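Build out the structure end to end from the sequences listed, making use of the hints.
Here are the chains, one letter per residue:
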Amino acid sequence: MTDVATAPSFPMPRECPMHPPAEYASLRADRPIAPVTMADGQRAWLVTKHEYARTLLADPRVSSNRSHPAFPIVVDSDREALADPDRPFNRTMLTQDPPTHTARRRAVITEFSVRRVQEMRPRIQQIVDECVDAMLADGGPLDLVQALSLPVPSLVICELLGVPYADRGSFQKDTKMVLNRNSTVEERFAASDRLNQYMDELVTAKEAAPGDDLLSRLIIKNRQAVTLDHLDLVGMASLLLLAGHETTANMISLGVVALLERPDELAELRTSPGLLPQAIEEMLRYFSIVDTATSRVALADIEIGGITIREGEALVIAVNAANWDDEVFAEPQRLDIHRSARHHVAFGFGVHQCLGQNLARLELEIVFETLFRRIPGLRLTVPAADLPYKDDAAIYGIHEVPVTW
Amino acid sequence: MRINVDRDRCVGAGQCVLAAARVFDQDDDGLVTVLTLDPPAEEADAVREAVHLCPSGAISLVE
Ligand code: HEM
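So the protein lines, in turn, are chains A and B.
The working numbering puts the first residue of the first sequence at 1, with every later residue one more than the last.
The working numbering puts the first residue of the second sequence at 406, with every later residue one more than the last.
The set of hints was computed from the structure by calculation and includes no laboratory data.
Owing to the predicted nature of the structure, the values given are computational and were not obtained by experimental measurement.
In this text, a Cβ means the ideal position worked out from N, Cα and C, and glycines have one as well.
Be aware that one or more of the hints could be misleading.
Said to hold, decoys possible - Which bits of chain B does chain A cover? Going by a derived footprint, with three or more residues having C-beta under 8 Å, they are:
| id | stretch |
| --- | --- |
| 1 | 406-419 |
| 2 | 445-452 |
What the hints assert, rightly or not - Computed beta-carbon distance windows for the label pairs:
| id | chain 1 | residue 1 | chain 2 | residue 2 | range |
| --- | --- | --- | --- | --- | --- |
| 3 | B | D432 | A | D86 | 28 to 38 Å |
| 4 | A | D76 | B | R453 | 38 to 48 Å |
| 5 | B | D432 | A | E159 | 16 to 26 Å |
What follows is the structure in C-alpha cells.
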C-alpha cells in the first residue's frame with residue numbers, strides 16, 4: 001500500500017442524509033478497493049464493490065479479531081481495551097473467528113431460526129398494537145422514536161432474553177453512548193462497562209435461578225456441555241441486547257420517513273401488504289445502517305481485483321457502498337419497492353452474517369403494516385431534510401422523528 | 406439437479422429457508438436440512454437463489 005500518495009480520510013461525510021457518502025461511488029468507479037486513512041492515521045483498504053465485499057467477507061483468511069493490532073478502528077478507541085480478554089465484548093461471536101466463533105454462534109442459532117422467529121409473530125403483533133394504542137391515546141404530536149421505533153425492538157429482545165424492560169432507561173442510554181462517535185473513548189468504555197456490569201448481575205441471578213428465557217436456556221444447555229464460561233455468557237447477553245434493539249429501531253425510523261416521503265409507494269403497500277417483505281429488503285439495502293461493522297484484518301496475502309492485500313493489512317468493507325453498486329442494483333439512488341434486493345449485504349456476508357436478521361425482518365414487517373393501517377393520516381411535523389440524522393453514530397438512523405396525524 | 410449441504414459450514418442464517426421453503430429447512434440445531442435432495446424442476450430457480458444467498462457457502466449444486 002506504500003505506493004499510494006493520496007489516501008482520502010475515512011469515515012467520509014454524507015451530502016444527502018438519505019444517501020451514502022458520494023465518494024463511495026467515485027471510488028468504486030476508479031478503485032473499488034482503495035487505500036484510505038483512518039482517524040488514527042492508520043492506512044486501510046476501503047472496499048466499495050458488491051462482488052468484492054461478498055468475496056472478502058466469505059474468505060476465511062479475513063479476520064474479525066478486534067484484538068489484532070492492525071484491526072481498523074473507525075472511531076477513535078483504546079487498543080489495549082480492545083485486546084483485553086477480560087472484557088466480555090472481546091469474547092463474543094462478533095469478535096471471534098472460527099472455530100471459537102462457530103461454537104459461540106451455535107450456542108444460540110436455534111433461538112433465531114426462521115421457524116422460531118415466526119412463532120413470535122402473535123406476541124410481536126401485540127407489542128406493536130400496544131405501542132400504537134398508546135400513540136392514539138396520546139393523540140400526538142409525538143416523537144416516533146420514543147413511541148414506537150425504540151420500544152418495539154427493545155420489548156421484543158428484553159422478553160426473548162429475559163431482561164426486565166423496566167431497566168431500559170439505563171441500557172438504551174448506555175447503548176447510545178457506546179455507539180456515539182462524539183463521546184470520548186472514556187465515556188464509551190464506561191458505558192460499555194455499565195452494560196456489562198448490569199448483564200453480569202442479571203446472568204448471575206439466572207445462573208442461580210433460571211427462568212424461561214433465552215439466557216436461562218443457554219445457561220442450562222451450557223451446563224450439559226460446557227462451552228461458555230460466565231464472562232462469555234455476559235458478553236453474549238450484552239451483544240444480543242445491544243445488537244437487538246438499536247439496529248431495528250433505526251430501520252423503523254428511516255423506513256417510516258422514507259415511506260411518508262413516497263405517498264405512491266406507501267399507498268401501494270397499504271393495498272398490497274404482500275409486497276412488504278420485498279420492500280423491506282429494498283429499505284435494508286437503501287439505508288445499510290450498519291456500514292462498517294464489517295471491518296476486518298487480513299491474516300494472509302489475498303489477491304483480488306488485480307491487487308494484493310497483504311497479511312496484516314486492514315479492510316473496511318463498507319456495506320452501504322456495496323449495496324449502492326450500480327452494476328448490481330441499477331439506479332441505486334431510487335428506492336424501488338419492486339426491486340428484488342435480497343442479495344444486499346446489509347446484514348453482512350460470510351459466517352458473521354446477522355444472527356438476528358429474521359427477527360429484524362419480522363419486526364419491520366409488523367410495524368410498517370400496523371402503523372400505516374391504524375394511523376393512515378400519519379405525517380411528519382418538520383420537513384424530512386431537517387430531521388436530526390445520526391451522523392455521529394456507528395449505526396445510522398434518526399435521533400428524533402416528530403409526527404402527528 | 407442434486408443438492409449438497411455441508412452442515413459443518415452452516416451458520417443458521419436461514420436464507421435458504423426464505424428462498425426455497427419447500428426444499429430447505431432448519432433442524433432442531435438451527436442448521437440446514439434438505440427436504441428433498443432432488444427438487445422438482447419448478448424449484449430450480451429458488452434453489453439457485455438459495456445457493457447464491459447462503460452466506461457461508463454451505464449449499465452446492467450438481468446440475
Ligand atoms: C435491521 C436490523 C439489523 C441490521 C441492519 C443488522 C446488521 C448486522 C450486520 C451487518 C452484522 C455483521 C457484522 C459483521 O460482519 O461483523 C450483524 C451481526 C449480528 N447481528 Fe445484526 N443487524 C440487525 C438486527 C439484529 C437483531 C434484531 C439482532 C438480535 C439479536 C442482531 C444480532 C446480531 C448478532 C448476534 C450478530 C453477530 C453475528 C456473528 O458474529 O456471527 N442483529 N448484524
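Do the hints match the structure? See the list:
1. 406-419: n = 4 at 8 Å, threshold three: holds.
2. 445-452: violated (count 0)
3. D432(B) - D86(A): 28 to 38 Å: Cβ of D432(B) to Cβ of D86(A): about 36 Å, so the range 28 to 38 Å holds.
4. D76(A) - R453(B): 38 to 48 Å: This hint holds: roughly 44 Å between Cβ atoms.
5. D432(B) - E159(A): 16 to 26 Å: holds (25 Å)
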